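S.K.: Please arrange chain Z on chain C, whose structure you already have, making use of the hints.
Sequence order for the protein chains is C and Z. Numbered according to the numbering used here, the first sequence spans residues 7 to 266. Numbered according to the numbering used here, the second sequence spans residues 2 to 272.
Source of the hints: derived by calculation from the structure; they are not laboratory data. This list has only true hints and no planted wrong ones.
Pairs of lysine-lysine, DSS-like flavour, derived with a Cα cap of 27 Å:
| # | chain 1 | residue 1 | chain 2 | residue 2 |
| --- | --- | --- | --- | --- |
| 1 | C | 144 | Z | 173 |
| 2 | Z | 167 | Z | 150 |
| 3 | Z | 210 | Z | 39 |
| 4 | Z | 150 | C | 101 |
| 5 | Z | 167 | C | 124 |
| 6 | Z | 173 | C | 101 |
| 7 | C | 101 | C | 146 |
| 8 | C | 101 | Z | 167 |
| 9 | Z | 173 | C | 146 |
Pairwise CB distance ranges (calculated):
| # | chain 1 | residue 1 | chain 2 | residue 2 | range |
| --- | --- | --- | --- | --- | --- |
| 10 | Z | 88 | C | 235 | 27 to 33 Å |
| 11 | C | 183 | Z | 10 | 40 to 46 Å |
| 12 | C | 86 | Z | 120 | 48 to 54 Å |
| 13 | Z | 89 | C | 187 | 49 to 55 Å |
| 14 | Z | 13 | C | 67 | 46 to 52 Å |
| 15 | C | 83 | Z | 84 | 20 to 26 Å |
| 16 | C | 146 | Z | 13 | 43 to 49 Å |
| 17 | Z | 100 | C | 194 | 54 to 60 Å |
| 18 | C | 187 | Z | 266 | 33 to 39 Å |
| 19 | Z | 88 | C | 126 | 38 to 44 Å |
| 20 | Z | 166 | C | 183 | 24 to 30 Å |
| 21 | C | 232 | Z | 166 | 36 to 42 Å |
It should be emphasised that the depicted structure is a prediction, and the values quoted were computed from it without experimental measurement. The beta-carbon is built from N, C-alpha and C at its ideal position, and this holds for glycine as well.
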Amino acid sequence: MSSSSPFSIADLSVHYGTRLAVRDVNLDIEPQRITAIIGPSGCGKSTFLRCLNRMNDLVPGASVSGKVLYYGEDMYGPNVDAAAVRHRIGMVFQKPNPFPKSIYDNVAYGPKLHGSRKGLDDVVEEALTRAALWEEVKDKLKSSGLSLSGGQQQRLCIARALAVHPDVLLMDEPCSALDPIATARIEELMIELRQDVTIVIVTHNMQQAARVSDTTAFFTVEVGDEGGRTGTLIELGETKTMFSTPTDERTHNYITGRFG
Amino acid sequence: MTALMGLALIMALIPLIAVLGYVIQRGAQVVDLNFLTKSIPITDRTIGPGMGPAIVGTLVITAAAALISVPLGVMGAVYLNEYGNNRRLSRIVRFFSEVMTGVPSIVMGLFVYTALVLRTKELNGLAGALALACLMLPVIIRSSEEMLKLVPLDQREASLALGARKVTTIFKVVLPAAAPGMLSGVLLAVARAAGETAPLLFTIGVVSKANPDIFSGTNTTLSAQIFRNAASPFIGAQDRAWGAAFTLICIVFLFTILARLLSALLTRRSS
Numbered sequence: 007m008s009s010s011s012p013f014s015i016a017d018l019s020v021h022y023g024t025r026l027a028v029r030d031v032n033l034d035i036e037p038q039r040i041t042a043i044i045g046p047s048g049c050g051k052s053t054f055l056r057c058l059n060r061m062n063d064l065v066p067g068a069s070v071s072g073k074v075l076y077y078g079e080d081m082y083g084p085n086v087d088a089a090a091v092r093h094r095i096g097m098v099f100q101k102p103n104p105f106p107k108s109i110y111d112n113v114a115y116g117p118k119l120h121g122s123r124k125g126l127d128d129v130v131e132e133a134l135t136r137a138a139l140w141e142e143v144k145d146k147l148k149s150s151g152l153s154l155s156g157g158q159q160q161r162l163c164i165a166r167a168l169a170v171h172p173d174v175l176l177m178d179e180p181c182s183a184l185d186p187i188a189t190a191r192i193e194e195l196m197i198e199l200r201q202d203v204t205i206v207i208v209t210h211n212m213q214q215a216a217r218v219s220d221t222t223a224f225f226t227v228e229v230g231d232e233g234g235r236t237g238t239l240i241e242l243g244e245t246k247t248m249f250s251t252p253t254d255e256r257t258h259n260y261i262t263g264r265f266g
Numbered sequence: 002m003t004a005l006m007g008l009a010l011i012m013a014l015i016p017l018i019a020v021l022g023y024v025i026q027r028g029a030q031v032v033d034l035n036f037l038t039k040s041i042p043i044t045d046r047t048i049g050p051g052m053g054p055a056i057v058g059t060l061v062i063t064a065a066a067a068l069i070s071v072p073l074g075v076m077g078a079v080y081l082n083e084y085g086n087n088r089r090l091s092r093i094v095r096f097f098s099e100v101m102t103g104v105p106s107i108v109m110g111l112f113v114y115t116a117l118v119l120r121t122k123e124l125n126g127l128a129g130a131l132a133l134a135c136l137m138l139p140v141i142i143r144s145s146e147e148m149l150k151l152v153p154l155d156q157r158e159a160s161l162a163l164g165a166r167k168v169t170t171i172f173k174v175v176l177p178a179a180a181p182g183m184l185s186g187v188l189l190a191v192a193r194a195a196g197e198t199a200p201l202l203f204t205i206g207v208v209s210k211a212n213p214d215i216f217s218g219t220n221t222t223l224s225a226q227i228f229r230n231a232a233s234p235f236i237g238a239q240d241r242a243w244g245a246a247f248t249l250i251c252i253v254f255l256f257t258i259l260a261r262l263l264s265a266l267l268t269r270r271s272s
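So that you can see chain Z by itself, here it is in the shape it has in the complex:
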């Protein structure tokens, strides 16, 4: 039995290691300072760097998506767990956020495309950020609510019994206690969004020079560049796709480590 389980573990690790190994092997050699900072060549035929605009795009679009979805998601979770409980509205919200977690990401992109882009007639970073935010929101609501549920009732009672109001209790006792868990849930959602391609396909367009302004002008991200360049027949574009893949994995990896560190720091501070 133990041998069987060990075998299953190895089988599960093979694709993981293979993917990582292959991306590192093909991608790491492409990535250098020029690659990280230079603009994207206009033709696929060009051999050489870089991916600067895509890195900038990934960072600003993901940050904007987090800025939109994190406050909304956390507040939504607070409502569901602290005020809604079994009211009809909260049951509906909880049900739909569960359904939304299963909605394919491309549908979110299509939604923003029809609801926003077709009206404003403009592809920009904000539209992409909105699509990513739609994707992150249900994940943040669900994971935050789970964390709020874990805060024991007696902590709330202790605060209320001292004459604290409910809002004060939520801000001073419940949220600080739930923060470490909520933070890691939120950052994992951010990390996932940073790697999304489909919601961005119809929303941000493409650009070859860095555009840190999400409110105007088309944009691009690492994931979108991987999608575009990997399908190109030219070796220069393919190399850039590998480099972008490697960079993206590094960014997501950094996010994950950051999430763990911050979460551990918060836990240590509170206990």
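Isolated chain C, as found in the complex:
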């Protein structure tokens, strides 16, 4: 458990009420890399991702056990402020969800929260540039974020997340609502961002995982005796290895399209 890796996860389980949704995940996430989480639907990959910025705290009845160390610090420790955690770990959601505010205000929302009003224009420009959106919107910063196309909205959401300078960006199926061209742009962007942000992406699209990620974690779903579906981590490895010579048969079956 070196504290140089953003996340060291040990025996992580998630319950929704009495239902076990994710069981015993052990995983280290390396810095400045893209880690993809793949697996069939219902395998708890989104649930797992939402443990990494304590978004599951907001779901009534959800409880997390095990340890999530963030640069060596217990993220679920008693004195940890969930809002501070989320400030350092950004998140991009499945559906683009810009606020019904101007493009500028969308990006400025995070920095304003954390009190920096000085140089806000520069922060906004920098975030939009990093999200590869600046050229398209620089002349209409005052128009609504909702007036953009789906792909632009998602890049706006990425810019909004980048504006608070997170160490990590969690992406929950960020392209599932986008067309192939918009998807390609987001993938390019992820590869550029990798240099200074650690990215964890959940995707149901295996080609996407193969294209963009350095490491792949494969989750699958186990059906318990009473029909309860529980997700768990099966295999973790270099993406190239995972897609050519997976060690676990279930990974092999999934990747070759035999199920899922």
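M.R.: Chain Z alone, transformed into the frame defined by chain C:
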């Protein structure tokens, strides 16, 4: 079928148009600047203006009622939707505010009369405003909560994921998104309260000179003046009742238009 529906529409419009037409016909000719500003004649027998005190009373009492009930109602709705969810307290509050919307307005007047007026031994605008506020509160809570429910979860999540606290998220994302709808709900409740008579019968008394001070002295409103003057056998009082009815309809109409305009303005600003 279409013909039947058209007929039903016409049937529904007849009373509406008849009421409006009759009030305008009888009321509009009475209303002029003197009517709007002069004091109410002391005897019913007097022919001529005015209704100034009732207009002042309607405006200050309704405004006071809104000042009391709007913040409480909006905060209550925020609690119910953002914090309470399925807690027992919120279910109880939600249930009772639903019941309260059905309580006859005169009961609210009686409540304030026994709870306040009988103790302070004073009829004043504030007592009337409190009765109106009791009437408006459940309507505001219910309509505001519905609007808060419409704010998508992903908006809240987007804000929280940026490290915003829940309170900040409510004030910066949820309330601005719900504001246009909440505003029109609130202003409709205000418009309804402006026309209420029953809760004011035992709470504000009557006055013939304008009294903008709601904290002391009796008061009067347009609705109360309609009630009193329309039952009078004298033509002067009856004319004043019609004039008051016309003025009140105009005020409520203005409120409604204002509600629409403000709501549209807010919607446009946010999208």
